[in-house]
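Asks: In order, the protein sequences belong to chains A and B.
Using our numbering, the first residue of the first sequence is number 1, and each one after it goes up by one.
Using our numbering, the first residue of the second sequence is number 1, and each one after it goes up by one.
FYI, nobody ran anything at the bench for these hints, they're computed from the structure.
Worth double-checking, as some hints may not be accurate.
[Said to hold, decoys possible] Here's a subset of chain B near chain A, in silico, CB distances under 7 Å, partners left out:
id: 1; residue: 25
id: 2; residue: 28
id: 3; residue: 102
id: 4; residue: 136
id: 5; residue: 141
id: 6; residue: 142
id: 7; residue: 143
id: 8; residue: 163
The beta-carbon is built from N, C-alpha and C at its ideal position, and this holds for glycine as well.
If you want the building blocks of each chain, they are given just below.
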Amino acid sequence: MQIKRWKADVLFLAGVLLIGAVFALIFFLCQKEGARVQIWVAGELMETLDLSEDCTYQIQGVKEGTNVLVIQDGEAWMQEASCPDGLCVNMGTIKRNGQSIICLPNQVVVEVVDQADSLEDSSKPDAVAGGRE
Amino acid sequence: MRQQNSQMVAKYGVMIALAMVLSYVEAQIPLFYAFYGMKLGLANVVTLFALYLMDIKSALLINMIRILLVSILFGTALSLAYSLAGGLLSGIVMALLKKSGKFHMVTVSVAGGIFHNIGQILVAMAVFETASLAWYVVILWFTGIGAGVVIGLIGSVLCKRLQGFFNSVSH
Chain A
1 MQIKRWKADV LFLAGVLLIG AVFALIFFLC QKEGARVQIW VAGELMETLD
51 LSEDCTYQIQ GVKEGTNVLV IQDGEAWMQE ASCPDGLCVN MGTIKRNGQS
101 IICLPNQVVV EVVDQADSLE DSSKPDAVAG GRE
Chain B
1 MRQQNSQMVA KYGVMIALAM VLSYVEAQIP LFYAFYGMKL GLANVVTLFA
51 LYLMDIKSAL LINMIRILLV SILFGTALSL AYSLAGGLLS GIVMALLKKS
101 GKFHMVTVSV AGGIFHNIGQ ILVAMAVFET ASLAWYVVIL WFTGIGAGVV
151 IGLIGSVLCK RLQGFFNSVS H
């Protein structure tokens, strides 16, 4: 390899890390802890649960698919799922506005929202329902 | 001319096949499924090979064809969309950086890693018509850097070894 000097690379990497840090900062500063969790199946709002109330909720996904959502200590996560890949179970816990757990095979979307927030913001599931596989 | 063409076909074939195998091998390792879409991108080592030992056009072509084949064989229409977007965006960025001649392979790879993830998220946000997926950018930005560094290091070490293979067949 002909290039000797690493200066450009170091600058680039530093810049990239800086931008990443800025993103992270913006992200964490903008967050509010959510109040409720909306559960969408195939594009329709099925249920809204309160994050402050611990519970275990079984979601009925498409084609007999099931997902088990657990809410505890103000956080929510997918405990188990009938889908073949189980990615949703590994997505971690959510508790801030905008965070979501998605199960593509069962067309399930679980999203954290505000008290005041309602259907206007969550327009997304239409595309999921349209699934073209 | 004819001889050169068949050599090109053979070289492309080898590269694409290698990239596909690396893709498959990587898929067998469950480590990278902490978050959806998070992966090492081992097949991109081949992209680097093509970029540095062949030319930009070849690199992009080999990358795209490999993505197409892997998605058709092992993926879904949705994963194809993600990978194409990621591969196209990262390929272009990597080609530009490499062409500038100012950066080492590792840096090019880092840029590739980042922009591959950005491409994927953009497509996901378009498909799901939501901005709420934007938070993934924060995580994938850094994993993209990490993966880029690893792939870049592997690539730089191996590139020297492969120089002989590529020089023996000219195009």
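Asks: Which hint numbers does the structure go against, in order from smallest to largest?
Replies: As far as the earlier hints go, 1, 2, 4, 7, 8 are violated by this structure, in ascending order.
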